[in-house]
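Chain B: place on chain A using the hints.
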Amino acid sequence: AQKVTQAQTEISVVEKEDVTLDCVYETRDTTYYLFWYKQPPSGELVFLIRRNSFDEQNEISGRYSWNFQKSTSSFNFTITASQVVDSAVYFCALNSGYSTLTFGKGTMLLVSP
Amino acid sequence: EAEVAQSPRYKITEKSQAVAFWCDPISGHATLYWYRQILGQGPELLVQFQDESVVDDSQLPKDRFSAERLKGVDSTLKIQPAELGDSAMYLCASSYSRQGGSPLHFGNGTRLTVT
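Chains as they are written, first to last, in our numbering: chain A, 173 to 285; chain B, 24 to 138.
So that you can see chain A by itself, here it is in the shape it has in the complex (with noise of 0.2 Å):
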């Protein structure tokens, strides 16, 4: 079975700070696939980065970076000089082969002026 685990149900900052959102996942599988999706309040979801289970380079999409261990089974996403456009649902979520995406329960994110 899978399983992805967001502990952190709501964060608030201030516009400018810096934040992370964390993410766990569980699976069986060798070879598996990470994702992370943006829920603003108009209730659509927009894909934002995929990760495979074999590159464990961390990524930079401009104020966007992941942190994907593998020896953690952590797939971490930080928000560098965060804006109030960031104000979102933020969802990892995890599958492999021809299984279902498995989503976390979500962290919302607020960001304030």
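If you're looking for bench data, these hints aren't it; they were derived computationally from the structure.
Every residue gets a Cβ at the ideal spot worked out from N, C-alpha and C, and that includes glycine.
Where hints are given, some of them may not hold.
Label-pair distances were calculated between CB atoms; the ranges are [said to hold, decoys possible]: (1) A:Y270 with B:Q103: 27 to 35 Å; (2) A:R235 with B:K85: 40 to 48 Å; (3) A:T202 with B:D74: 25 to 33 Å.
Only chain B this time, still in chain A's reference frame:
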């Protein structure tokens, strides 16, 4: 950029009534998914199609829910009769492939309220 289209955006219905949701995936995406998202939770899969065939409906409450994708393109999800506990966001998604690693692209969802 191509999008997954869903309608209606909002639906209010009384319990025991029938309700239907429609989804048009991104052109060329063979795999289509219906997810249900209860407030404060992550999305949970209801049904997955590969072309016109159902490949996973293990979590679909088949006594009241049905889904079809007759021509392998757009899809309809129906609930009959609706119950109070069905109030949720219903999200449609599509992907190029069933294989793990193929990103899912989601529509805006239908927010259902059952009174």
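**OP:** Starting from the range 40 to 48 Å, see whether the pair R235 of chain A and K85 of chain B falls in it by beta-carbon distance.
**Re:** holds, 45 Å
Original post:
Taking the beta carbons of T202 of chain A and D74 of chain B, is their distance inside 25 to 33 Å?
Top reply: Given range 25 to 33 Å: holds, Cβ gap about 29 Å.
**OP:** For Y270 of chain A and Q103 of chain B, compare the CB-CB distance with the range 27 to 35 Å and indicate the outcome.
**Re:** holds, 30 Å
Violated hints: none; the structure is consistent with every hint.
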